[in-house]
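Generate coordinates for the entire structure from the input sequences, incorporating the hints supplied.
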Amino acid sequence: MYTKKTYSTLQMAIWTRYETLLFTIIILAVVAAYYFLDLAWLKIPWTPLALIGTAVAFVIGFQNNSAYGRIWEARKIWGGIVNTSRTFGMFVQDMLTNEHTQKPVADKVLQSEIKTLTYRHIAWMTALRHAMRALKPWETTTNHRTNREWDTKPPELGVDLKDDLAPYLTSEDLADILKKDNKQTALLYQQSHHLRKLKEQGVIWEFSFLELEGVLQELFTLQGKSERIKNFPYPRHFATLNHFFMWIFVLLLPLALVPQFGEIGSEIAEKYPLIGNLFVWVCVPFYIIVAWIFHTMERIGRTGENPFEGTANDVPISTIARGIEIDLRQNLGEDKDSIPKQFPMKHDTQF
Amino acid sequence: MYTKKTYSTLQMAIWTRYETLLFTIIILAVVAAYYFLDLAWLKIPWTPLALIGTAVAFVIGFQNNSAYGRIWEARKIWGGIVNTSRTFGMFVQDMLTNEHTQKPVADKVLQSEIKTLTYRHIAWMTALRHAMRALKPWETTTNHRTNREWDTKPPELGVDLKDDLAPYLTSEDLADILKKDNKQTALLYQQSHHLRKLKEQGVIWEFSFLELEGVLQELFTLQGKSERIKNFPYPRHFATLNHFFMWIFVLLLPLALVPQFGEIGSEIAEKYPLIGNLFVWVCVPFYIIVAWIFHTMERIGRTGENPFEGTANDVPISTIARGIEIDLRQNLGEDKDSIPKQFPMKHDTQF
Amino acid sequence: MYTKKTYSTLQMAIWTRYETLLFTIIILAVVAAYYFLDLAWLKIPWTPLALIGTAVAFVIGFQNNSAYGRIWEARKIWGGIVNTSRTFGMFVQDMLTNEHTQKPVADKVLQSEIKTLTYRHIAWMTALRHAMRALKPWETTTNHRTNREWDTKPPELGVDLKDDLAPYLTSEDLADILKKDNKQTALLYQQSHHLRKLKEQGVIWEFSFLELEGVLQELFTLQGKSERIKNFPYPRHFATLNHFFMWIFVLLLPLALVPQFGEIGSEIAEKYPLIGNLFVWVCVPFYIIVAWIFHTMERIGRTGENPFEGTANDVPISTIARGIEIDLRQNLGEDKDSIPKQFPMKHDTQF
Amino acid sequence: MYTKKTYSTLQMAIWTRYETLLFTIIILAVVAAYYFLDLAWLKIPWTPLALIGTAVAFVIGFQNNSAYGRIWEARKIWGGIVNTSRTFGMFVQDMLTNEHTQKPVADKVLQSEIKTLTYRHIAWMTALRHAMRALKPWETTTNHRTNREWDTKPPELGVDLKDDLAPYLTSEDLADILKKDNKQTALLYQQSHHLRKLKEQGVIWEFSFLELEGVLQELFTLQGKSERIKNFPYPRHFATLNHFFMWIFVLLLPLALVPQFGEIGSEIAEKYPLIGNLFVWVCVPFYIIVAWIFHTMERIGRTGENPFEGTANDVPISTIARGIEIDLRQNLGEDKDSIPKQFPMKHDTQF
Amino acid sequence: MYTKKTYSTLQMAIWTRYETLLFTIIILAVVAAYYFLDLAWLKIPWTPLALIGTAVAFVIGFQNNSAYGRIWEARKIWGGIVNTSRTFGMFVQDMLTNEHTQKPVADKVLQSEIKTLTYRHIAWMTALRHAMRALKPWETTTNHRTNREWDTKPPELGVDLKDDLAPYLTSEDLADILKKDNKQTALLYQQSHHLRKLKEQGVIWEFSFLELEGVLQELFTLQGKSERIKNFPYPRHFATLNHFFMWIFVLLLPLALVPQFGEIGSEIAEKYPLIGNLFVWVCVPFYIIVAWIFHTMERIGRTGENPFEGTANDVPISTIARGIEIDLRQNLGEDKDSIPKQFPMKHDTQF
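Chains as they are written, first to last, in the numbering used here: chain A, 105 to 455; chain B, 105 to 455; chain C, 105 to 455; chain D, 105 to 455; chain E, 105 to 455.
Don't read these hints as lab results, they were simulated from the structure.
There's no promise every hint is true.
One copy or two, it doesn't matter: identical chains are merged, so the pair holds either way.
[Said to hold, decoys possible] Simulated pairs of lysine to aspartate or glutamate, DMTMM-like, Cα-Cα distance not exceeding 25 Å:
id, residue 1, residue 2
1, K108, D452
2, K284, D211
3, K108, D285
4, K283, D211
Quick caveat, the model's predicted, so the values are computed rather than measured.
Written as C-alpha cells, this is what we have:
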C-alpha cells in the first residue's frame, strides 16, 4: 500500500515510459508516413471513433470500479481478521478458568495454554499470508519490468514457510501441519482439537467451548473469503475485451487525428506556409497524451486487480498480520523488546 | 474458469469468426450497393445514431456489470460452501464425544460415525453440483458452435449421479435419496436425522446438536442461494432489449458510415481520382471493427450470465467441490493416495 | 418469469405495436407538415437535443438498474423463504421428541404434531403469496392492453384465499385467521402458540423452543421484506420525471430530425431531383426506430418495477411456494400422488 | 409516499411554476437583448458547454442515485422495525409463562404484563417517529412555497409528544421518560428493567430473558440507523457543488443557444425574411424545456434527500407505525373498534 | 459535518480562490500570447479533447461516488458504535444482579461496578476518537491554506489523550493502558477481565457473561472497521491518475478554446471590427468557469476521501461520542449538570 498522497509526476513518467515510447514510435511513424508519403487522403471519420472512445472510457470505468471493489473487499476481509484475532485473544484469556475443573489447574499451566493457543493463531495468520503470496497464472503484474523496478518484494517471498511457522508451534504440531496441503485449515483443526481437550479437562466450560468454536468458524469464513479473492480473478473475458477495446481505440486514433492536424496545417499554410507545413507534427505530443490517458486508465485497473500480489497498490497483509501479532503479544503481557518489529516500508510502501 | 491472464488475439478471432464473417458480408453488400448502384444519396444523420450508440454502450455496460455481479455472487456462495464444509468437518470431529454418553461408545465407532457424516456431506456437494449442471431453457451458450468448440464439458456431464453418489452413502441411504426430487435437500434431512439419533445416544451433547443443526441451516441457505442463481436468469426482458438495441445500432451503422467514407472519397478524388473512387471500400475493415466491438461487448455479457453452465468463464464448482473433498478427507487422516485427485484443466480452464 | 433465452422479434413487435403506431402517426404528421406546408424553416439545433438524449439515456439506465435491483431483491427474499422453510421442516422433524417429556407421547401423535406445524407453514406461504398478488394503486402494468393480452393471470387471482387455506388448517384455526387483517402475521402467532404448548408438554426441549422461535423470527423478517417491496414502489417522483423526460425527448426529436433529412434531400436533389424531393420521408422509419428504442427502454423498466404483479417478468412466487410445498411434503414421507402438482406454465411463463 | 402511478402533468407544472417563470424571464431578457441590441456577436462555443452539460447530467444522476439509496435504506430500516415489532409481540406472548415461577402468577396478571410491554413498545415507536419529524437545519424542503402548497403535514406536527405517549404508558413511566433527552432510548431501558424484574420473578425464564434482550438490542440498532439517516445529510459539499454546476450550465446555455437560433433565423431569412427575422424567439420555449429538465432533475434529487421530512416522496413512517400498532393489538386480542384507525391519506399521499 | 443546506457562493469563491487565480493567470497568458504574438495557428481539435473531458468527468464521478461511500460507511460504523454503546449500557445495568451470587452484594457495590464498566466504555470511545484524529501521511487536506482557514480544529487536537482518559479510569487502569500501543484494544481487554472477575463472583451469570463478551466482540468489530477506513486510503494510484487526467484536460483546454473564440472573433470582425478583434478575451471568464468546474469536482472528492480528518465534510465523531456519553450517563441516573455539554459547533460545523 502506497502511503503518500499522490505518486509524483516523475514516478508516473518512469512507470509508463515504455508505453510512452511505444506511442511515440507509433505516432512518429504515422505522421512520417503522412508527411513524406503523401497519405493525407487516408482518414477515418471522427464520430464512430469518438463513440468507441466513449464506450471504452465507460467500460474501463466500470472495470476500475470492480478492481477497487476487489481491493476494498480484500481490505475488509483482513480487517475482519484483525477484529476476530483480537476477539480470539480476549476470549482465550478470559475463558480458560478453573471454575469448571474438577481439580484446579495451576495458573502457570493456564497461562501456558493461553500462550499456545495465541501463538498457534499467529501461526495460522502466517500460513495464510504465505498462501496469499503464492503466484497465480493470471498474476503477471510483477512480470512487467516497470513494475519489477519498484522492487517491492513482500517479506513472504524468499522465506521458507516452515521457518516462519517454527517459532509459533511445537515441533510435533509443525510436522503434522506440513503434511497437509492447506496449512491454514489444518491449523484451525488443531486449534479445535486443542480446545476440545481443554473442555474435556474442564478448563473450558462447555458453553465457552461452543463460543470459541464459533470464533474458529468465523476464522474459517475469513480465511475462505481471502482465498476466494486470491483464487478467482476478475473474469478474464471482461478483462481481455477491455484490453482489446482500448488498444483498438489507441491504434485507430492516429488515422483520425493525423489528417485532422493535417487539415489545420493546410488552413494555417494559407497564411504561414512554413508553420502550416510542419503543423502536422504537433499531433505527436497530443496523440501521446490521449493514448497515454486511455492506456494508463486501463493499466491502472489491471495493476490493482489482484490485491495480494504484493505490489505498491495492494492490501498490506504482512503489515496487518504483524500488527495483530504485536497487539496480541502485548496483551499477553510480553515485553515490547521480545516482540518482532513491524515490517519496514520500502519506497513509502507497506506490504 | 479460464486461468490465463488474457485470451489470445487468435482465440478471440476464432471465437468471433462467424460474427466477423457476417459483418463482412453485411458491409460488403452495402458498400457494393453504394458503389455499383449509385446509392450515395441514401444516408442517415450521425447525431441520432451516435446517441443510440452511446445509449447502447451504456445499457450494455450496466448489463455486463450485472453479469459480473451474478458470477461474483455465485463464487461467493461456493466460497461459503467451502467455509461451512470445513467448519462442519471440524465440528463433527470435536463434537462427537463420550462426555455425555451413559455408556461410552468405542473410539472406533465414533470415528466411523464421523466418517459417515463427513462422507454424506461430500455426497451433498456432489448432488448439488450435479443439479447446478442441469440445462435450463435459457442456458444456450453451449448451443453456439464457437462455444461448443472449446469442448469444455464439465465432469458432471456424462456421469450418472447415482454412480457419483454411491461411494459416499450406504446403499439404504442412497435408495432413499434417489426417490426424492431434490436430492440435496433430502441429504440434509438425512444428516439431521442422523445427528438426532446420535444426540439421543448421548454421543452429541444437546447444545452441540443445536450448533450442528445451525450448520445444516447454513448449508440449506447456501444450497438455496446457489439454486436461486441457477433457476432465476438475468431478466429476459432486459437481456432481449439490449440484444435488439445492439443489433439495431449495428445494422443502421452502414447507412451513416458508408456515405461518409463516400464523401471523404469524393474529396480525395479531386486530387487522386483512383484512390478517391475506391476509398469507400476502406469503410469495410472500419465497420467490421466497430460492429465487432459492440457485438462482442454484448456477447461477452450474455456468455457470462449463467455462472454454472460450465463454460470457460463460469464458476469452477467441480474443482471447488473436489478441493473441499480433498481437504476434508486429509483432515480425517486419510492417506493422500486414497483420495481422488483434483479434476484436470482443459484448455487452461477449471471446471 | 419468462423462461426462454429471448423474446422473439414478433413478440416484441406485437407488445409495442401501439407505441409504434403512435410514433408513426406523429412522424407522418410532422413530415407531412414539412412536406406540404413548407415548414422547412422550423428546426431546432441538434447539440442541446443530443444532450437531453444522453441525459435521458443516463437516468433511464439508472432507473432500469434500480428496477432490476428490486426484482433481484424480491427473488432473494423468496429464495430466503425456500431456505428457511426447508430448515423449519427439518427442525420440526428432529426437535419434537420424547427426550424431555414426563410421560412419553405416542410416535403417531408426534408425527401428527409435525404434520400440523408443517401444514400451517404451507398455509403461511399461501397467505403470503395471496397478499403479494393484491393490486396496489401504482401497479398498472396489467391495465395496458398489450400487457393484458399475454393473459398471464397468476393462480391466486380468481381463487378465494379461504379455499386455498382450508386444506392446511383446522377449521378453528382458519376461523381465527380470517378475523385478522394480516393473515400471515396471525399464522406465525399461531405457530408460536403451538410451539409453546408443545414446549410446556415437554415435547419440545426449552432450548429447541428458542431455536424454533428464532426460525419464526426469520420468517417474520422474510415476510416483512416481501411486504416492503410490495408496499413501497420505486419513488414516484423519479419515475414520473424520467417518463416526462423521455417523452419530451421523443416529441422534440422530429423538430431536429425532419429538417436534417430535408437538408440531405436538398443536397441529393441537385443530382437526383425526384429522390431528393422525396427523401425526407426516409425520416419516418428512422424516427420510429429511435423513438421506439427510447420509449421501450423506459417502458421495460416500468414494467419490471413491481415484481409481484404476476406479469411475464416477475418473480414466480406461486411456483416457488408450490415447489417448497412439494419438497416439504415429500420429506414428510407423503406419497407423490397425494401432493399437488407444480403450477403449469403459460406462454413459457412461470408464475 | 405518493401512491399513484405518476404525478400528473398539471401537478408537475404547478410544482415547478416558479422556476419555469424564472427561466422564461431569463430567456426573454437574453433574446430581447439579442434582438433589440444587436448582440448577435456574443456567443460561446457549444462543445465545452455540451461537455459541462454531460458532466452535470452525470453527477446529478449519481446524486439522485444516492438520494434513492437513502430513501430505500430508510424504508428498509422501518421495514425492520415492522418485523422486529411483530417478533417482539410474539415473543412476549409466548415467553411470559408460569413454568419457572416459584408460585404461579395469575393468568390475568400475565396478560397485563404482556399488554404493558406491548404498549410500551408502541410508545417507543411513537417517540421515534416524533424524533424523526423534528426539523434539521438542512431540511428546507418545506420552506419552498410550492412544496408547502401540497400541505402534506405529517400527523406528528402539531401534536404534543406527551399527549401521544400518554395512552401507552403509566404516568410514572411517562414522567421518567420526559426527563430524558432521547426518549426512545430511555423507553428501551425501561423495557429492559421491566424484563429483568419479570425474570427475577421467574415469569421469564433466564434464557428467554437473554433472547428478549437480544430483541431490544435489535431495536436499538434499528432506532440508531433511523437516527443516523435523520442526523447525517447527504454530504453538503457534494450537494452544493452539483447545485452550482447545474445553475452554471443553465445560465450559460442562452449564450450558446440564442446565437444558434439567430443563425438558423439568418438562413431562413434568405427565403422567408419575416419568419427568419423572428425565428430567434422560437428559442424561448426550447430553452425553457432544456433548463427545466436540468433544474427539475436536480430539484427532484434534493427533495428526496431527507426521507423523514414528511413530504410526498418520503417514507411513510406514521402509517407504518400505526400499521404495526394495529397488528400488535389485534394479536393481543383487542377489539377492532378499540384500536385507532390508520392515518388518512391527503392528496394520495401516505405519511 | 457542515449543517446548513448549502455552502454560500461566497464561501465557495473564497475556498477556491487560489485555483481561480491560477486559472485566470493561465488563460490570460494564453490569450495574451494569441493576441499579441499572433499564435492563432496553434490549435488542437475539439473531438479528442471532448472525449478526454467526458472520460475525466466519468472517472471523477466514480471517484466521488467512492468518496461518498467512504464517508457513509464511516458514518454507519459510528452509528453502530452508538447502538452498541446503548446496548452495552442497558445490558450492564440489567445483567449485574444478585441472583447467582453466593452471598448477596450490596446494591451500592453493584451500582459502582455498573458505573465503572460504563465509564470505561466512555474511555474506550475517547481513545478511539483520539486515534481517528492522528494524522496520516496521505491526509493533507488541512495543509491546504484554504482548508486551514476554516479553522475547524477538532476538539481532540491540542488535548492530551491522558487528560481526556483520566476522568473515566482508575489511575491503575490508566497506567496500564498507556503502556500499550493500541489503547482501544487494551481497554476492551480490561473490560473483559473485569467481566470475568464479576462472573467468578457470581454477579454476572455465566450466560450473561457470554452475552456481554459478545458485545465486546461487536465493539472490536466496530473499532476495527473504523481503524480500517482510517488506515487504508482510497487507493493512491486511482486518486493520482484522476488528478493527473483532470490537470491534463484543464491545461489542454486553452489550446482548443482560445482559437475557437478567435475564430468567432474573426467572424464578428466582418461586421464589428473592434468587438471582433477583442472578442477572444471573452474566452477568459468562460475558461475559468469550465476549468473551475472540473477542478472543483475533483477537489471536492479529494477533500472528502478521509472522513476522520476533522474537516467540514467529515463524520462528526467527537459530537457522536459525546452524545453517547450524555445518553449513557443520563440513563445511569446522573444529574444533567454533572454531565459534560455537547461540543460546540464552529462555522456551522459539527466535529
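Comparing the hints with the structure gives:
For the homomeric pair K108 and D452, the shortest alpha-carbon distance inside one copy (7 Å) is at most 25 Å, but the shortest distance between copies (31 Å) is not. Taking identical chains as interchangeable, the C-alpha atoms of K284 and D211 lie at most 25 Å apart only when they sit on different chains, with a minimum of 24 Å there against 34 Å within one chain. In the homo-oligomer, the alpha carbons of K108 and D285 lie at most 25 Å apart only across protomers (23 Å), although the nearest pairing inside one protomer, at 39 Å, exceeds that limit. With identical chains, the CA atoms of K283 and D211 are at most 25 Å apart between copies only, with a shortest distance of 24 Å across copies and 34 Å within one.
The structure agrees with every numbered hint stated previously.
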